[in-house]
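> Residue-level listing of the chains:
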Amino acid sequence: MHIPDGILPLPLTLGGYAACAAAVFFCLHRIKKRPEPAADIPKAALLTSAFFVASLIHIPVPPASVHLMLSGLLGVLLGFFAIPAILIGLFFQAVMFGHGGLTTLGINGVIIGFPAMAAHYIFRFGTRGKHGPKPTATFAFLAGALAIMLSVLLFALLLVTAVPADMGAAVEKTAMLVIIAAHVPLALVEGVITAMTATFLLRVSPRVLHGV
Amino acid sequence: MSKPPCTPVLFVKLCLAAFLVFIAGLLQPDCARAHRMLMQEKEPGVLFVYYEGRVPAAEAAVTLLDEEDEVLLQGKTDAEGRFYFDPRLGARVARADDGQGHRVVYDLEESVLEEGLLFIGDDLPLGLRVALGVGAILLLFGALYLWSIRGRREKNAHT
Chain A
1 MHIPDGILPL PLTLGGYAAC AAAVFFCLHR IKKRPEPAAD IPKAALLTSA FFVASLIHIP
61 VPPASVHLML SGLLGVLLGF FAIPAILIGL FFQAVMFGHG GLTTLGINGV IIGFPAMAAH
121 YIFRFGTRGK HGPKPTATFA FLAGALAIML SVLLFALLLV TAVPADMGAA VEKTAMLVII
181 AAHVPLALVE GVITAMTATF LLRVSPRVLH GV
Chain B
1 MSKPPCTPVL FVKLCLAAFL VFIAGLLQPD CARAHRMLMQ EKEPGVLFVY YEGRVPAAEA
61 AVTLLDEEDE VLLQGKTDAE GRFYFDPRLG ARVARADDGQ GHRVVYDLEE SVLEEGLLFI
121 GDDLPLGLRV ALGVGAILLL FGALYLWSIR GRREKNAHT
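Listed in order, the protein sequences are those of chains A and B.
Under our numbering, the first residue of the first sequence carries the number 1, and numbering increases by one thereafter.
Under our numbering, the first residue of the second sequence carries the number 1, and numbering increases by one thereafter.
Nothing false has been slipped in among the hints.
27 Å max Cα-Cα, derived DSS-like pairs, lysine-lysine: (1) LYS76(B) with LYS42(B); (2) LYS155(B) with LYS32(A); (3) LYS33(A) with LYS130(A); (4) LYS155(B) with LYS33(A); (5) LYS173(A) with LYS76(B).
Since the hints were derived computationally from the structure, they do not count as laboratory data.
For reference, chain A alone in the conformation it holds in the complex:
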């Protein structure tokens, strides 16, 4: 779900960068207001590394192929660190693997980072005052799965409206439906991963989970 260099019009790439810059500014402002702003940096480092490598873990969903993203997990565990962490991960994915691109870094940040923030709010509001295993698992699953579905919807919307494809409209529509359908199993997998990680952290270190 990475848009490569050279296929988006310039105003859209600049718009993506502007939206990401505003989001990063907002996130850093919120992080700075915390009593211990550096407390989550080690956690952010590990999860950014996981996000970076996750794009190599391929899940065959015939006829398409999808890869892990972990954006929902980053949103749940990192909160306001998620968007800066995702942008750093996307930068290294573009440089090291050729996934995505540097001109599309901003727009890819919007596609993956904004749903991660949505996942953060879903989890945070869902588990407010209810830190038991059941609400934690339920809302972590919802956060992980919905982050993927929101990303794929944003991605499909962008491709259909802004990217001129070398194929007919009907074929492109079919391709979009295939890609949306192919991401449903991925959303379930990521929901389960997020729920398992959240319940594990709830048992061993609740502060890491609910201290964001």
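Take the given structure of chain A and dock chain B to it, following the hints.
Coordinates of chain B only, in the frame set by chain A:
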């Protein structure tokens, strides 16, 4: 002054553990696949369009362009990801698009792919690129962490 939540030593240990897990994961070649789209001219007049891991890109739209970027031929790859064309057409560039956000541009004269900006390339093994990427990320956050706690200590010392 409150105790720092994670000491640098613990941070290094955690990073090392995570790094070993990633490397172990990458030793399973089936998992180390992604789907960047690639193209190769197998022989004159036959293009092979595929994803990383040499998975054929079936039904991808292929466009052949001349030096003035005029379209010479359009068509689709077959189930094996192959596209056949007449090499006498004089095409300079081949472009493939699967309609799912993957696109590749191939220079038929130079037999090279047009890659993204700053892409380090496929010359380095994948494992090494992963190690470099993870190392760079950890270094970046490590520097940020040390800079952040140092700034906080100085601030506390002044107050």
